[in-house]
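Throw the hints in and build the complete structure from the sequences for me.
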Amino acid sequence: EAGVAQSPRYKIIEKRQSVAFWCNPISGHATLYWYQQILGQGPKLLIQFQNNGVVDDSQLPKDRFSAERLKGVDSTLKIQPAKLEDSAVYLCASSLHQRNQPQHFGDGTRLSIL
Amino acid sequence: DAKTTQPPSMDCAEGRAANLPCNHSTISGNEYVYWYRQIHSQGPQYIIHGLKNNETNEMASLIITEDRKSSTLILPHATLRDTAVYYCIFGSSNTGKLIFGQGTTLQVKP
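The listed protein sequences correspond, in order, to chains A and B.
Quick note on this note's numbering: the first sequence kicks off at 74 and runs consecutively.
Quick note on this note's numbering: the second sequence kicks off at 14 and runs consecutively.
There's no promise every hint is true.
Claimed, not checked - If we take Cβ atoms under 10 Å as the criterion, some of the chain A residues that face chain B in the derived model are:
1. P116
2. T149
3. A166
I should point out that these hints are in silico values taken from the structure, not numbers from a laboratory.
These numbers were taken from a predicted model, which means no experiment stands behind them.
Glycine residues also receive a C-beta, built at the ideal position from the N, C-alpha and C atoms.
Okay, structure coming up:
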């Protein structure tokens, strides 16, 4: 089966600019996750969707970050305006169900803020 | 929040078994233990998960102690391609939420 697809693979922007990341989960996976991974650390969950509804966005900096999954399939994560501390890899993952099913990750988008 | 304790780094000789320990003393009765690994510049890769019983798949074996406070991931015949950061996590069975720690950097040496 095809894995989780993410684009772009790399992005370089200046601070205060906006940026968007796209994720296409594994076909049939109802649950989708966005993580932020800062260099040298483990991934940190930003937001979790079940179909097109938000399950958990407690760690999402809502003043600058937003995410949507309008049709319950693809998802976009946006940052506006970007700060230097947003430099990180943004990972998307999906799973079949919430309970006890493993998450499958894409290879992420590496964001550099100048 | 859920938290596990892993050694920051380990070495293993190629062809030998790699045994990666993890402490999860605050795990709840309905929370599973998951193991993922992350190779440089890639996303985390799922390896195995379990609740109470030991588990084995084509990649690894997972040994969970009877009190469920710790577990060991076993890579039976480590290869150079197994060099990666290995994360032990226990996840909420209600939300599926995983909280990653720092993991163990496993270096497999020839």
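Hint check results:
For P116 of chain A, the shortest C-beta to C-beta distance to chain B is roughly 5 Å, which falls under 10 Å, so the interface hint holds. The interface hint given for T149 of chain A is broken, as the beta carbon of that residue sits about 18 Å from the closest beta carbon of chain B, more than 10 Å. With 10 Å as the threshold, the beta carbon of A166 of chain A comes within range of chain B, its nearest partner Cβ sitting at about 7 Å, so the hint holds.
When each numbered hint is compared with the structure, a violation occurs for hint 2 only.
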